[in-house]
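**Student:** As numbered in my numbering, residues 1 to 579 make up the sequence shown, in order.
Everything labelled a hint here was simulated from the structure, so no lab data went into it.
None of these values were measured; they are calculated from a predicted model.
There could be a bad hint or two in this list.
To be verified - Restraint-style ranges between C-beta atoms, simulated for each label pair:
no.: 1; residue 1: A189; residue 2: P358; range: 18 to 24 Å
no.: 2; residue 1: F69; residue 2: I457; range: 33 to 39 Å
no.: 3; residue 1: V82; residue 2: V555; range: 30 to 36 Å
no.: 4; residue 1: I124; residue 2: I454; range: 21 to 27 Å
no.: 5; residue 1: R332; residue 2: L148; range: 25 to 31 Å
no.: 6; residue 1: A566; residue 2: G356; range: 48 to 54 Å
no.: 7; residue 1: N494; residue 2: L345; range: 46 to 52 Å
no.: 8; residue 1: N494; residue 2: G81; range: 18 to 24 Å
no.: 9; residue 1: G356; residue 2: L495; range: 43 to 49 Å
no.: 10; residue 1: G568; residue 2: G81; range: 42 to 48 Å
no.: 11; residue 1: K447; residue 2: V555; range: 23 to 29 Å
no.: 12; residue 1: A68; residue 2: A566; range: 44 to 50 Å
Unchecked claim - Simulated crosslink set (DSSO-like; lysine-lysine; CA at most 30 Å straight-line):
no.: 13; residue 1: K182; residue 2: K447
no.: 14; residue 1: K535; residue 2: K44
no.: 15; residue 1: K51; residue 2: K226
Heads up, the beta-carbon is just placed ideally off N, CA and C, and yes, glycines get one too.
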Amino acid sequence: MATGSSKKAKNPQGSKGAQNARQTPSAPIGQPPVEPAKRGAMQKLLDGIEKVGNKVPHPVLMFLYLIAFIIVLSHVLYMLGVSVTTEVLEPAPVQVQPDFYADTTSSLLDTPPTAAYTEDGFVIRTETIAIKSLLTIEGIRFIFTSFLPNFAGFTVVATIFVAMIGVGVAEQAGMMAALIRKLVKVAPARLITFIIVLLGGISSVATDAGYLILIPLGAAAFLTLKRHPVAGLVAAFAGVSVAFAVNILITPLDAMLTEMTNEAYQLVNPGSSISIVANLYFNIFFTIFFAVVVTIVTERMIEPRLGKFVPDPAEGSAATQEEKVDVAAEERGLRHALYWFLGALAFILLITLPPGAPLRRPTGELDVSSPLLDSLIFIITLLFLFAGIGYGRGAGTIKSSNDVIAGVTKTFAGLASLVFLLLVISQFIGLFNYSNMPQILGISLAKLLEQANIGAIPLLVGMILVIFLLDFVIPGSMPKWAIFAPVFVPLFVNLGVTPQTVLAAYRIGDSPANVITPLMVYFPFIVMVAQRYDKKVGIGSIISLMLPYTVVVLVVWLIMFVLWFALGIPLGPSYPVSL
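All chains should be built: construct the whole structure from the sequences, respecting the hints.
**Tutor:** Structure, rendered in structure tokens:
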């Protein structure tokens, strides 16, 4: 971790660097820790986790070993004939009307133009899922033929590159640093952590934008305040991900989870359904509540663990790169950035608000299924790009289009090692999913819990814990709920528990493990950002820092959920916890 030791790291994944300056006690909220203190049992435990985690091989090698392991394991389970039968949710089929030119046999139109934005929902189908070996003829063929599709279909790579276009230009122009200095100047120091965490929680409406934009900003903001930048990074990471399934705003994820819940609900109550606001009160309360919880964990546990940040000039970290600030040029740049930003925003509104605008649904509605939501990453990139160009023109840091292109290419060059790692990760995920091991594991655990003869509250808690464990191997919200909804929604409805309560319980289990599973697709990116400030940071360093967030959030959320259920507090407008 970033402790400022002058010794060089022997292992780029980190070895002993995080243990030198973590002897500081809790400090007042918003203030950096200052005095050394004796290390407790918890700190020693986290030190051990970090030490072990940082001794693992390079992430590329680690995932290569995992690929070899699942190839062998898949064949062993295949030979044992492992399989499960269950009901699964699938997208409803869409009628297509192929069209052709007179002189070609190639289809012009595979689906109606409105197909992506219809509300046909999902259908339930009984399916037997068996282990597929990666050492059979078909399995070996899949390994070789899927290598390129696995990477091409790994959308996180494209998302990172697209998002970093605007951010890269803005950063190279100096706008990001100027914005952080302005935020630190105008916002109360005691509220900086809370603001960063809350913005992280809200950022899930734009899916990946919080990971790519807010997390680096959190580190830079803490550095500006003379606080440990890695503390700002992990606070932002926790804000974005540790309660990802809840938000103050209604998100596209809400729409998909609600629709899948309704399909499962109709197995026992045909024609019944819940709306997208069924968890509204629950989501709003816990978004704000956990912003407070994550803030407290950051300032009472994480910063004392990290200690005072003293950058090592010999390592050439981002923290040692001092720059002289031309206040007049910076203010002029920020004004121009605002003008360019407003111009870009006006254009986005122009193609969104009028009836029949391109970013509305083809039928005219503007909701969570509209093209606007599908375009958020690109829209955010455009806003940052225009604001960055405006800042550069005003501050004099961008003088020609060549400077803009240079900003993008420099940013892309810094992503090279990450892209190689993501190539290997995409193969692991593709092969793991092909084997059907994640689905069979999830279904088996769900059925085991279903057969338990216990009351509603213990069963809800058991469901949350099963989903929490499955999140380590199936991080995505949608795949897990496609497995669990047809099992648990009917089960709990028969016990007098409403489907919105089951969905709320699922949100609890789905989120806390996001920040400690290496299968989380942005985990390598988090490590890469942290290494800008301390080259010794490794996977173990990040996991040891994120583990307190996971434990505290999970335990507190379970307790609060039981109280919420026992008190009968509505989860949304006219949506009680029990039937």
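**Student:** Any hints this thing doesn't respect? Which numbers, in order?
**Tutor:** Of the numbered hints given earlier, those the structure breaks are 1, 5, 8 and 13, listed in rising order.
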